[in-house]
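J.: Here is how the chains run, residue by residue.
Number of protein chains: 2
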Amino acid sequence: MALASSLAALSLATVADSSAVETKTVVFKPKTAKTAVPVPVLLFALQSTETPSNVLAKAAAVKEPRVAKEDLVVEFFKVSPKEVSIANLDKSLAGKIKIVLDSQIANADDELVLSLVTESGAAALKASTAVEYLKSTGIETVVVDFAAEAAALASGSSKKNSAKKDAKKDAALEDAKLIGITVDKAKDFSSWYSQVVTKGEMLDYYDVSGCYILRPNSYAVWETIQDWFNVHIKKMGVQNSYFPMFVSQRVLEKEKDHIEGFAPEVAWVTRAGNSELDEHIAIRPTSETVMYPYYSKWIRSHRDLPLKLNQWNSVVRWEFKHPQPFLRTREFLWQEGHTAHLTKEEAAKEVDEILDLYARIYEELLAVPVVKGKKTENEKFAGGDYTTTVEGFIAATGRGIQGATSHHLGTNFSKMFNISVENPDGADKPRVFAFQNSWGLSTRVIGVMVMTHSDNKGLVLPPRVAQTQAVVIPVGLTSKTTDEQRKAINDGAADIEARLKAVDVRAIGDYRDIYTPGWKFAEWELKGVPLRIEFGPKDLSSEQATVVRRDNGAKYTVKLAELETRIPEILEEMQKGLLEKARNDFNEHRIVVEDWKDFVPTLNSKNVIVSPWCGDSECEDDIKDSSATKDDGEEEEVDEKAPSMGAKSLCIPKEQPELKPGQKCVKCDKPAITYCMFGRSY
Amino acid sequence: MALASSLAALSLATVADSSAVETKTVVFKPKTAKTAVPVPVLLFALQSTETPSNVLAKAAAVKEPRVAKEDLVVEFFKVSPKEVSIANLDKSLAGKIKIVLDSQIANADDELVLSLVTESGAAALKASTAVEYLKSTGIETVVVDFAAEAAALASGSSKKNSAKKDAKKDAALEDAKLIGITVDKAKDFSSWYSQVVTKGEMLDYYDVSGCYILRPNSYAVWETIQDWFNVHIKKMGVQNSYFPMFVSQRVLEKEKDHIEGFAPEVAWVTRAGNSELDEHIAIRPTSETVMYPYYSKWIRSHRDLPLKLNQWNSVVRWEFKHPQPFLRTREFLWQEGHTAHLTKEEAAKEVDEILDLYARIYEELLAVPVVKGKKTENEKFAGGDYTTTVEGFIAATGRGIQGATSHHLGTNFSKMFNISVENPDGADKPRVFAFQNSWGLSTRVIGVMVMTHSDNKGLVLPPRVAQTQAVVIPVGLTSKTTDEQRKAINDGAADIEARLKAVDVRAIGDYRDIYTPGWKFAEWELKGVPLRIEFGPKDLSSEQATVVRRDNGAKYTVKLAELETRIPEILEEMQKGLLEKARNDFNEHRIVVEDWKDFVPTLNSKNVIVSPWCGDSECEDDIKDSSATKDDGEEEEVDEKAPSMGAKSLCIPKEQPELKPGQKCVKCDKPAITYCMFGRSY
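Taken in order, these protein sequences are the chains called Z and Y.
Here the first sequence stands for residues 1 to 682, numbered as in full-length UniProt numbering.
Here the second sequence stands for residues 1 to 682, numbered as in full-length UniProt numbering.
None of these hints come from the bench; they were simulated from the model.
Predicted, not measured: the structure shown is a model, and the values here were computed from it.
Relax, there's no trap hidden among the hints.
Derived lysine to any residue pairs resembling SDA-like cross-links, with alpha carbons at most 25 Å apart:
hint	chain 1	residue 1	chain 2	residue 2
1	Z	LYS78	Y	THR270
2	Y	LYS234	Z	ILE508
3	Z	LYS297	Y	LEU333
4	Y	LYS297	Z	ILE514
5	Z	LYS82	Y	HIS280
6	Z	LYS234	Y	LEU333
7	Z	LYS235	Y	ASP227
8	Y	LYS234	Z	ASN313
9	Z	LYS308	Y	SER19
10	Z	LYS78	Y	SER275
11	Z	LYS234	Y	GLU564
12	Z	LYS415	Z	GLY261
13	Y	LYS235	Z	ILE508
14	Y	LYS297	Z	SER6
15	Y	LYS349	Y	ASP227
16	Z	LYS234	Y	LEU365
17	Y	LYS520	Z	GLU422
18	Z	LYS234	Y	LYS527
19	Y	LYS527	Z	TRP298
20	Z	LYS374	Z	ILE591
21	Y	LYS234	Z	VAL231
22	Z	LYS82	Y	SER275
23	Y	LYS199	Z	PRO293
24	Z	LYS308	Y	ASP510
25	Z	LYS501	Y	LYS234
26	Z	LYS501	Y	ASP227
27	Y	LYS235	Z	ARG512
28	Z	LYS235	Y	THR468
29	Y	LYS256	Z	ALA8
30	Z	LYS297	Y	ALA522
31	Y	LYS297	Z	ALA4
32	Y	LYS624	Y	GLN656
33	Y	LYS235	Z	ASN230
The shape of chain Z in the complex, shown without the other chains (with noise of 0.2 Å):
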């Protein structure tokens, strides 16, 4: 790992650490006469710090700072934009550049681990010791308390900074345990994010940038999904197999406007132990061109139609955008059904059903709402002919997320691939090229159903893909409790997780002796276990037990004799509670506009907007366009496309409202064909 390793050259300790804090370092080039050397401000912040680049040419008393360029990086840094860390830095720069610093990290508390991330490596190191080696390099540093600089800015006064509260020390908890979350969802979505999946055991960070790993608590979800899909898929008479990861290049790049969708992003090995490889052999980003080939070879007649294969597998799509749990990952798993058809109505058939399928999916597992529709021509699967799709939306950010998609690839690569049969109406008339499909559907899932409904105590898992549902705490035993009654409770608790799991529920018991009650409660809240049993003296002695659901709260007492019945009831109303809660969310946020004055207000206020549209791709753009206002600003510098920037085109919601007569176009004067949902996105 570079970057460990420059640290270690430069003598900055690094450590391991699995609650370091995300931190951002960017380069800016200000304004500058052309004749004059410029002098390049260094900013290294919190990753969760907004950084607005007014506030920074303010701090750093420049004009109009922008992200430097790749060739202004490497002359004063050595290495690429990607590369830049705190470890390019010494006393050669002095006098030529200047450093803008976060005061959340200048002021950090002797506690704060930084995590340090490049393109190619990562590393943690104390706050303290980070800002010891600013200091050590002789640059000229500005610290900068950018919330407080904002809000002075916003107000138009500067003076009025003192009576600013610093939104950032806003957004962290003020009970926060040493163990749990310590940011607030609504105030530091990101981070919260960040420490909900880590701390939730969820998911851990790896040292191969944007590669996530799967922890037991996430995989859970992840095989439940896969059981009932299959389950139903099997009916549907679609048959599982394996096909490899490998695509030769001549292969992949068969079907072009397919390939140019995915030819920035593929990975490819050149190399094998020491020999070079004569061709170069490409990761899968997705099996069309791997598995199509072989239909062509299978499928002779119309009696070998339908075709339907599906596949678990993983990945790899190399992004360069800033990668994020779940949502944005370099490899990620999911399934990917093909399948072949002799018509198209069987095929677009088949797409609705499956589609159905993804949405059962988000409700009825995951408890997460979602909008099915069609994707427009602009935002549709490459090389396909129609893309259906299931959008969900995170009510926090008010941003719009896609959910899965169900293509109809129309014989689009049948034609490539040849993939036909002689004409069923007779040998003499064209042979029939097959209707195809691709469906998809990934452990983004996941990370939508984290963000939809985890909150500031740690994640909350809807219990029908919790892996483990209910957790017995024995509660109440103290200094003054006799050996006789402390057997008692213990006893009891344990009877009641052995007749749970008797009747299938997922119970654990926690008997450990060395934590309080208080402190399993926080950890178990944290790891989103859906209802906490507790077992105490007045529980023993009126034969009962206290329930407590995990989402909100709510406190049950349940009889010892109704244990049976009584807990699978109450973990079915939580994951309808659930359901209904986020629905609420998704419906009060989902806004008809039908004048565009009141379309960015509306998407600012964290919406998701339905307009009568004409349909019409460049106005779909015009629309992204004219309303890329940044919305919170946080990913702006190191994720420059992020989806955030401009409202998108999000789906064609199947569920229409009705078009008045003569209703024009959200945007443009021509006239409206449908209503079209749009967002900000993820």
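For chain Z, the structure is supplied; the task is to place chain Y on it using the hints.
T.: Leaving out everything else, chain Y in the frame of chain Z:
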């Protein structure tokens, strides 16, 4: 694909054909006076043709032909030995080299399609096209009937040629149907195996060499194994998870002994889209080094132990040996379990428990008997403490085959990766390094199953893992059958199918009216369906069905009233029958040998051997070298490292014959310390 385009450049029309027969192209250098220019001999033959070098020498009229070294091949053919094909031949080579052409190709009928495979590509073309082309080059070509010549040489007289049968023709099955297997398992195992797995639709060859497609008929076997194994390991407290497929060079190379074993086979990603990666990234050949840095992070206290994770994934080992479906493939599916324990005893117990599960997968699911044992130091997992194994036996070739391995890693990796906890006996005592295990079972199991049970009619699938357990076929319908009777029989068959499905027998009906029952019988036999249920006029009138077992052809008459009980019973009888038969084969061919003089002859009679052994690694090597006579020669040229060359130690069986006092090692003069199983192996 370089090969296909080279052929195209020569105007050699390539074709797509699943039944293409594999060929081999090998360059030999005859013994030549040092001052003379060598005249290489290029052999072009069916893969399945045995081509002993003495026959080659005689035919080409050269002395001691040896496989040519790389420099010579490059000098004459401009490509590396792995890339040589007939596409490298042209007129410029006339007078400079000789061609030895297999008569099976020269005299092939018009329909024979040849598969040409080089390191980087594959193509298929008609034998006649190939022969025509060789002629056009003007290179001296000798056509050789290898089987006849070999027989002639063996009998000591080439004059007896005409009296000898053509061994290859002899391997052809006389009653082979067009769609069925055309070669005899006993006489040409390698071609038979290739036909069985492809025609049985278990697998298809893929255009990236060494990779194969797992079709539903084989993937279903894998799914059954996954379901069964998941249930059992979850009971042991193992959780499933998923770790990235990529690993950085630094991490991969952390454990030296370990990486030494894998380094030559590691596939490297060096490019994404058009960007060269700053740091090259390996695709996991196994995940010890992927996972253990995180074990170190997650395991902080003895309360975090044991940690037991498993993952189902694919790994890549870019072997340059001759690939073989299921057995030796560059990407393969497996599960890999990785656990960490506080004590060696607990770890060792788990190693055995897992090995028992592996043995049960073979014996209870796949009906394949195995011998449990321990690997010698020479054969153990690199970097581990000891390796336990289940070893199978392929009766048709007399070779052993490694089934699955369960390793105890000791504290070797935990010391490398610092997986340690505070001493439970007190913080003042030294930290305790975790005792680790890793264990894996791959899709190789499917190959072993196919090799064991299948026959000249095609696949034989054990009922418990068969995707389809019974096929119902209406029979006895002729042109004289009344419509009423036809309907009654078809309805009756459909009723049988439905009733069986209702009791979870995986049944299907074959009601296609364009095929005769005989054709259908052959097709379902080819695919290995355990039971055929015939339903015809006589069955209809007697309220019965006729049931035929795939493995031994046994016929049963089953009363319709007893369908739901009898069919599952017959399936179980077949399951047991398969295991018994295979176990008898293994027992009969596992021979105790105490004198070295009996060792090689016993080996050559297609046995594995259990011999008293001194335990010395050098003696083990000596046994391997001294037994390195050819068994069938078949793989010799294309796979010089084939384990068939000598008898490897397969395992030290858990169940041991008792050593006699003073018993000496079978090979050397040292005292024996154990019995060890030796054999040629896959």
